[in-house]
Each structure stands twice: as structure tokens, then as C-alpha cells.
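Colleague: Sequence:
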Amino acid sequence: MGSSRPDPVSLKLLRIAELAGQTPRMVLTTLAHHIDVEFMAEAYRRTRKDGAVGVDGQTAAEFEENLQGNLESLLGRLKSGTYRAPPVRRVHIPKGDGSKTRPIGIPTLEDKVLQRAVTMVLEAIYEQDFLDCSYGFRPGRSAHQALQSLWDGLTRMGGGWVLDADVQSFFDRLDHGHLRCFLDQRVRDGVLRRAIGKWLNAGVMEAGQVTRPKLGTPQGGVISPLLANIYLHEVLDTWFVREVAPRLWGRAFLVRYADDFVIAFEYEGDARRVMSVLPRRLERFGLSLHPDKTRLVDFRCPPPRRGKGRKSETFDLLGFTHYWGRSRKGIPTIKRRTARGRFARTLVRFADWCRRNRHKPVAWQHRKICQALLGHDAYYGITGNSEALWRLRNQVRRIWRKWLDRRSRAARMHWEKFILLLRRYPLPPGRVVHSIYGKQLRLPLRP
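Following the numbering used here, the numbering of the sequence shown begins with 36 at its first residue and continues without gaps.
I should point out that these hints are in silico values taken from the structure, not numbers from a laboratory. Every value quoted in this text rests on a predicted model; they were computed, and no experiment measured them. Hints may be right or wrong, so weigh each one.
[To be verified] With a straight-line Cα cutoff of 20 Å, these simulated EDC-like cross-link-like pairs (lysine to aspartate or glutamate) come out: (1) K370 <-> E348; (2) K47 <-> D164; (3) K233 <-> D91; (4) K47 <-> D91; (5) K328 <-> E318; (6) K114 <-> D85; (7) K47 <-> E162; (8) K437 <-> E451.
Make the full structure from the sequences, and use the hints.
Modeller: Below is the structure:
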């Protein structure tokens, strides 16, 4: 029997992580020597290759024609300091409701590979420093873990007061000067810091014009989520956990996913004190709370008798509305359902897709719709959200029939005919993929 040898790149990252974990206050100054051609090849393997091309127009297929040579050239330019970060190509895509557009940035393939390599090194370091309260864009952590942590914490406290906060235009307003100061506390390797500086100043190309904003992270950059986490780790996470929470009268905890976060408090007084100082804390680092999307929510457990006394409010996080309901035994429990805005956007996308593809073969449409529903369940299929899964399938059936009915006047799709079609092409039942009971549950289709 042959023994499998450890991956050299994994061993390098493990050594970096061990050093960072053993010396949490040490500033690391020699890291670039870990990045070699083999390291770059692994970074290329981890890079998405089917995305749109950047300003240079280079595709993954063209890059792979001389993969070894291109990686060696890229590595040499990184180490020598001659690498020039190209501007990010900006395009606008429609938002969920179709009425507005959202700008996104598309880096070049070379830029993606190099940013991935630097991100791999920095992740090995900062994963030893980041706190348990942050979940977004971290290896081995997910939005569902953040939701579960919030559910567990609120359940243990029996509810409380929830500060539902929204940082206004965070990725566009991140201050480069403060970010460099935060990086100085841990990473001062000249090669890596020079590359990060070039990405921050690379600029954006739109309609042939290049602009160089003095704030924000590289649009669409692989390294952007990590830089954002480093920034909020210092600005919010460590401040709250180490300075604020120990001074409160009651229990409190923070759950953050990228720039989305909530803080739950046992007592209203604590919540209002933090709500008064949080804007000043963020302002100190060039950030601000959105005035219309930040609020304090009374999320205490409602009294046992229905219809009397106060009712707790609701709040949204990561696409779910959190509210107090009752279990089948009548016990108050925290429940979650698909947020109204997310549900509506999903229906708009389904309707637009059915309209554009209404003349395709029915079997092909059915396969694609089933794939989309299963993908939806992969995120929204959580315990307590079965009603929203049913409603989605109901609406999808209506939308699909509507656009099949408009294929031609000669082949009208009345409901009687559509019901017969559904017997041949049934939609998949809803699935509770993320169950608190530890197993997937298939929900029988309702008529």
C-alpha cells in the first residue's frame, strides 16, 4: 500500500498558520518566499475560470496555452515589483427586481490568480486572529452557521433586544489609510504589501475612462472580502468582544457576516448605550450606519397567552425574517422564513427566465426549473421555512403555465391541460436541507 504524501502547498500554509497562531502579537515580515511556481499553480487551480474577461481580454483557455510560462512570468513580476495591477472593468447588471442596475468589477485573469495566491497566505495568518462571531467569506464557515449561531444565542437568552445594523456602502467607503495601519499590526512583508497597495490604487475602467477612487476595496477582487474582514475585525469585532461586552450589565453577543451584522442584548439599557456609541466608533474609521436600515428591535419572547400584551417585532438577516412563533406543542420558539424582498426577487427571476425561454422544449424547461428549485432549497430550505417553500412552488407553477400559455394561440395551456402536463413533468417537493434535527426532510407536494 502506498502512502499519500502531503500536498507541499498545504504544508506551507500549515506552517504559516502555526507560526501565526503561536505568536499572535508578532509582525510577520518574510512571507513572499512561500509563494513559488507550485504555489501559483495551486492558486490558479482555485481560481474561477468561466467568468467574464477583464480589460486585457485574456481567457483561461489562452492563459493555459503556456500555463507554466505565464505563472513563472507572473511570479517573477510579483517578486521583482514590476507587476502593474490593471484597472478593473466595470459593468452594470440588473438587480433582482429588474428596475435598477448594480455595478460589478471584473479583474483580469492574471490579477485573479495573483490575488488568490496572496489571499491564501493572508488567510492562513488571519484565520488565527479572527473571532468566532464573524462568518462571511471565511474557509469552513457559512451563512447557515451564522444563522444557527444567532438562533442558539437568542434561544438561550429567551430573546432580547436586537440591534439590526446596516453599514452604508461599506465596500465603497473602506479607508485605505486605516486598512494599511491594520495590516501593519500583522503583515509587513514588502512584496505582499506592495501588491496590495497596487490593487487598492488600480482604479476602475468604464466606457474607456479610468477612475482611481481613494476609498473602497478592489471591485470584484478575490482579495476584497479578506481585506473587508480584516477591517471590520479591528473596527467592530475586537472592539465589541473585548471592550464593550465586558462592561454591559447583561448578556450580549455579535453575529457578523461580511458587512451584515446584528448585536443581541439581554437588556434594553445595554442596547441603547451601544446604539449611541456605535455610530461614533464607525465614524472614527470613515464608516456610517444607514439611517433608514438601522433600528433597535424588541425581540423579547412574547407572553404565553396569545392576543394579550405586547408582540415582539421581526428583523431580517441573510435573506431570512426572524420572528417569534410557537411549536406544535405551543411552546414559544424563534422561527425563520424567507424574507419578503428575497421571495419577490426570486419570483421576478423565475418569471423573466420563463418568458425568455417559453419556446424551448417543455422537457428542457422542466429540467432547468427543477434545478433552480433544488438550488433555492439548498439555501432557503431550513427548519421552519417549509411554508415559504410551498408558496414558491405554487407561484412557479402559475408562472410556468402563464408563459407556456403564451407560446402560441394554437396551443393554449389551460389549467386542465397544465395539470396533466405536471403529472408527466412534476416539480420536485420542497426539501429542508438545513435541519436542526440533523437530516434532510422531503416535504410532500401540496395539491
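Colleague: Quickly compare the C-alpha distance for K114 and D85 to 20 Å and report which way the hint goes.
Modeller: violated (28 Å)
Colleague: Between K47 and D91, does the CA-CA distance stay at or below 20 Å?
Modeller: Cα-Cα ~32 Å, so violated.
Colleague: Starting from K233, check that the Cα of D91 is at most 20 Å away, please.
Modeller: holds (17 Å)
Colleague: Taking only the CA atoms, is the gap from K437 to E451 under or equal to 20 Å?
Modeller: Given pair K437, E451 holds - Cα atoms ~13 Å apart, limit 20 Å.
Colleague: Does the structure keep K370 and E348 at a Cα separation of 20 Å or less?
Modeller: holds (12 Å)
Colleague: Below or equal to 20 Å on CA atoms is what counts here, so check K47 against E162.
Modeller: Holds, at roughly 15 Å.
Colleague: Please work out if K47 and D164 have their alpha carbons no farther apart than 20 Å.
Modeller: At roughly 18 Å apart (the allowed maximum being 20 Å), D164 and K47 satisfy the hint.
Colleague: Take the C-alpha atoms of K328 and E318, compute the straight-line distance between them, and say whether it is at most 20 Å.
Modeller: holds (17 Å)
Comparing the model with each numbered hint stated earlier shows that hints 4, 6 do not hold.
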